[in-house]
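Asker: So you can see what is in the structure, the chains are spelled out below.
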Amino acid sequence: MSNLTPEDRSERRLDVAGWPVRVCSYRLGDTYFCTIDNVDPGARVARSRGATREEAEKLALQRAEERLAATRRRAG
Amino acid sequence: MSYAAPEVLVDTDWVANHLDDPDVRVAEVDVDTSAYDQGHVPGAVGWNWTTQLCDTVVRDVTPPGELAMLLGESGISPDTTIVLYGDNNNWFAAWAFWQLKMYGHDDVRIMDGGRAKWIAEGRELSTEAASHSGTAYPVPEADRSLRSFLPEVQEAVEAHSAGLVDVRSPAEFTGEILAPPGLPETCQRGGHIPGAANIPWGKAVNEDGTFRTADELIELYEGAGITRGRPVITYCRIGERSSHSWFVLKYLLGYDDVRNYDGSWTEWGNLVGAPVER
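Protein chains in written order, with the numbering used here: chain G, 1114 to 1189; chain R, 709 to 986.
Don't read these hints as lab results, they were simulated from the structure.
As the structure is a computational prediction, the values presented were derived from the model and not from experiment.
We put the beta carbon where it would ideally sit given N, CA and C, even for glycine.
Hints are not guaranteed to be accurate.
Partial selection, computed: residues in chain G whose CB lies under 7 Å from chain R [said to hold, decoys possible]:
1. Ser1115
2. Leu1117
3. Pro1119
4. Ser1123
5. Arg1126
6. Trp1132
7. Asp1153
8. Val1158
9. Lys1171
10. Thr1184
11. Arg1187
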């Protein structure tokens, strides 16, 4: 069985398309994985992988931007 | 005060110490069904909620025969301890827990903190799908007392006979948005079921995804008027976040009569003529 240990984990919060998100990334073997969730309620909105953290996060942020920008707010 | 049924919750250390225990089967259930392939607890099986934990034709939970097949293929017998975990603070792990209890599996537990905590602690992950010798799991019967269907919810609203808990975010509760940000809208109207209390699922967990203490949870629910001794119905958008709160109320706090309305807002918010509050 090929077991690996996640390393170089990073987590930060920022706003994407007006919504607060949490960006989490880590390296597993030779690959960086990135996940982005909407902080409230905490659902994952994008996931990606890349050879570097920058590459993985850039792709995930692009996907998150597309999805979050499509969320419509309704007037009360 | 301690949890009513503390045995249903295990921490990551407990799981790490039981990876080779033949009486324990760990199962990962994620919102994002590709997460398992990107590394999982060694030896854990992966269950796909979109194909294996629901009826893929009728909108319903897993048919009993299919659940028996899934458990058998996962090397699980009625005596096996099943430990569930997943992403998004165990949303769909709780969904699986709810179904397994409905179908009467005796020993089901949740790994506190879920996938995120396991990774944050730098614990080992496997990228190989786990394989276990199959068993013949008997086809179970469903316990309907853990689930609410639309007519029961309508009756409860009319008669004020149950505490309704809407576990979605405040913006979903008020109808400002129809789905969690970034997720597809699945209803025609926004708002909530009349009389429901808004107690978002996330208030039941700490920043690291672990559940809050029993005292904090009691304060949370009783403070919002959801008290023991009265039936409680939880709901969200499609029934998975509400199974998380159902788990808290039923097993961590020991409320007697708690049901998950898995039709949830996707059903109610599409009903012609259904009353809606905003």
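Asker: Of the hints stated earlier, which fail here?
Answerer: 4, 5, 9
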